[in-house]
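Novice: All chains, full assembly: derive it from the sequences and hints.
Read off the chains here:
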Amino acid sequence: MSRSVWKGPFVDAYVLKKAEASRDSGRNEVIKIWSRRSTILPQFVGLTFGVYNGQKHIPVNVTEDMIGQKFGEYSPTRTYYGHAADKKAKRK
Amino acid sequence: MSEKVCVGAIAGAFGVRGEVRLKSFTAVPEDIANYAPLETEDGARSFTVKITRQIKNGLAARLSGIATKEDADALRGTQLFVPRDRLPSLPDDEFYHADLIGLTVTDTGGAPLGKVLAVHNNGADDLLELSAPGQKQTVLLPFTKAIVPTVDLAQGRIVADPPEGLFS
Chain A
1 MSRSVWKGPF
11 VDAYVLKKAE
21 ASRDSGRNEV
31 IKIWSRRSTI
41 LPQFVGLTFG
51 VYNGQKHIPV
61 NVTEDMIGQK
71 FGEYSPTRTY
81 YGHAADKKAK
91 RK
Chain B
1 MSEKVCVGAI
11 AGAFGVRGEV
21 RLKSFTAVPE
31 DIANYAPLET
41 EDGARSFTVK
51 ITRQIKNGLA
61 ARLSGIATKE
71 DADALRGTQL
81 FVPRDRLPSL
91 PDDEFYHADL
101 IGLTVTDTGG
111 APLGKVLAVH
121 NNGADDLLEL
131 SAPGQKQTVL
141 LPFTKAIVPT
151 VDLAQGRIVA
161 DPPEGLFS
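From first to last, the protein sequence lines stand for chains A and B. Mapping of the first sequence onto full-length UniProt numbering: position 17 corresponds to residue 17, and the numbering continues sequentially without gaps. Mapping of the second sequence onto full-length UniProt numbering: position 64 corresponds to residue 64, and the numbering continues sequentially without gaps.
Keep in mind the hints are simulated off the structure, nothing from the lab. One or more hints might be untrue.
Quick list of the computed label-pair ranges, beta carbon to beta carbon [as the list claims (entries may be wrong)]:
1. A/Met1 / B/Thr40: 27 to 35 Å
2. B/Lys56 / A/Met1: 48 to 56 Å
3. B/Thr138 / A/Gln43: 56 to 64 Å
4. A/Gln69 / B/Thr40: 41 to 49 Å
In the EDC-like style, the derived pairs of lysine to aspartate or glutamate whose C-alpha atoms are separated by at most 16 Å in a straight line are [stated by the list, open to error]:
5. A/Lys87 / B/Asp31
6. A/Lys88 / B/Glu41
7. A/Lys88 / B/Asp161
8. B/Lys145 / B/Asp92
9. B/Lys50 / B/Asp31
10. A/Lys92 / B/Asp85
11. A/Lys18 / A/Glu29
12. A/Lys87 / B/Glu30
13. A/Lys90 / B/Glu94
14. A/Lys87 / B/Asp93
15. A/Lys92 / B/Asp92
16. B/Lys4 / B/Glu41
17. B/Lys145 / B/Asp93
18. A/Lys87 / B/Glu94
19. A/Lys90 / B/Asp93
20. A/Lys88 / B/Asp85
21. A/Lys90 / B/Glu30
22. A/Lys87 / B/Glu41
23. A/Lys92 / B/Asp161
Covered stretches of chain B, going by a simulated chain A footprint (3 or more residues, C-beta under 8 Å) [what the hints assert, rightly or not]:
24. 88 to 94
25. 155 to 166
Keep in mind that this is a model prediction, so the values were computed, not measured. The beta carbon of each residue, even a glycine, is placed where N, CA and C say it ideally should be.
Specialist: Set out below in structure tokens:
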């Protein structure tokens, strides 16, 4: 069941505070957060969050496509080392 | 840059007519046949591959020179390689994981940051996993133009400009 619209998106308050402080400072830094449940808001676009996965903080560069999703979706909790073979990485 | 890339492995015989159970490590599993002939690690044997069907946990395939179940069983555990130059060339800003793994990473001042252990994708960006000197845990570096401005495959070097707090 989806969340009631009148409540607005859920974000832990400390995430908002940290994001605001980082944006105001204008420094290029990783904002370490533990809140995987927080929704990604439009004001987070362009910031880099370090989202905790239970072991370490995974860097997540927020883009417009991510708005409305949760931080936890971009911080996998399991690591799989497959073979490299012909797999490609794209530098965006 | 490694000269050979492992693209698959033989898991044993499939059926009794000389087909093999093939594990493909390529991004699209069926693409393994396009890189044929595939070689063993020492280069002593090479095989052409004809994929016959998809099976649980892999592909069933016919390899050249393998006619019986006994031949197929004898190859169990054999890894299959292709020369790196047989992989198609890529556009700018696209790199094979095999090329990136093992490169040394330095910051813009030339100080070493570590070595690339693996390449992951978290659903948003590709991430380089680095073994940083003096750190217990590995560090993940977003593979973006802003953070990784230079990838020099010829010299085996990556220049990175990591954001504050990434290595702490």
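Novice: For each hint, tell me whether it holds in the structure or not.
Specialist: Right, here's what the structure says about each hint:
1. For A/Met1 and B/Thr40, the hinted distance range of 27 to 35 Å is not satisfied, since their beta carbons lie about 55 Å from each other.
2. The hinted window of 48 to 56 Å between B/Lys56 and A/Met1 is violated, with their beta carbons roughly 36 Å apart.
3. A C-beta distance of roughly 31 Å is found between B/Thr138 and A/Gln43, which places it outside the suggested range of 56 to 64 Å.
4. For the pair A/Gln69 and B/Thr40, the supplied restraint of 41 to 49 Å holds, since their beta-carbon distance comes to about 45 Å.
5. Of the pairs offered as hints, the one joining A/Lys87 and B/Asp31 holds, with about 11 Å between alpha carbons and a cut-off of 16 Å not exceeded.
6. Between A/Lys88 and B/Glu41, the direct Cα distance comes to roughly 22 Å. Violation of the 16 Å bound is thereby established for this hinted pair.
7. Using a Cα cut-off of 16 Å, the hinted pair A/Lys88 and B/Asp161 is violated, with the two alpha carbons roughly 22 Å apart.
8. The hinted pair formed by B/Lys145 and B/Asp92 meets the criterion: a straight-line CA distance of about 12 Å does not exceed 16 Å.
9. With a C-alpha separation of about 11 Å, the suggested pairing of B/Lys50 with B/Asp31 holds against the 16 Å cut-off.
10. Taking the CA atoms of A/Lys92 and B/Asp85, the gap is about 25 Å. The hint is violated against a cut of 16 Å.
11. Under the criterion of a C-alpha separation no larger than 16 Å, the hint pairing A/Lys18 with A/Glu29 is consistent with the structure, at around 11 Å.
12. Proximity of A/Lys87 to B/Glu30 is assessed by CA-CA distance (about 13 Å); at most 16 Å being required, the pair is judged to hold.
13. In summary, the hint linking A/Lys90 to B/Glu94 is supported, as the alpha carbons are separated by about 4 Å, within the 16 Å threshold.
14. Between A/Lys87 and B/Asp93 the CA atoms are separated by roughly 14 Å; this keeps the pair inside 16 Å, and the hint holds.
15. With a C-alpha separation of about 11 Å, the suggested pairing of A/Lys92 with B/Asp92 holds against the 16 Å cut-off.
16. Note on B/Lys4 and B/Glu41: the hinted pairing holds, with a Cα-Cα distance of about 8 Å set against a maximum of 16 Å.
17. For the hint linking B/Lys145 to B/Asp93, the alpha-carbon distance of about 9 Å falls within 16 Å, and the restraint holds.
18. Among the hinted pairs, A/Lys87 with B/Glu94 is consistent with the structure: their alpha-carbon atoms are about 10 Å apart, no more than 16 Å.
19. A distance of roughly 6 Å separates the Cα atoms of A/Lys90 and B/Asp93; the hinted pair therefore holds under the 16 Å criterion.
20. Note on A/Lys88 and B/Asp85: the hinted pairing holds, with a Cα-Cα distance of about 15 Å set against a maximum of 16 Å.
21. Distance restraint check for A/Lys90 and B/Glu30: the Cα-Cα separation of roughly 22 Å exceeds the 16 Å cut-off, and the hinted pair is therefore not satisfied.
22. With a C-alpha separation of about 20 Å, the suggested pairing of A/Lys87 with B/Glu41 is violated against the 16 Å cut-off.
23. Note on A/Lys92 and B/Asp161: the hinted pairing holds, with a Cα-Cα distance of about 15 Å set against a maximum of 16 Å.
24. Given as covered by chain A, the region 88 to 94 of chain B passes the check, having 3 residues with a CB less than 8 Å from a CB of that chain where 3 are the minimum.
25. Here's how the region 155 to 166 of chain B fares: 4 of its residues keep a CB closer than 8 Å to some CB of chain A, so the rule of at least three is met and the hint holds.
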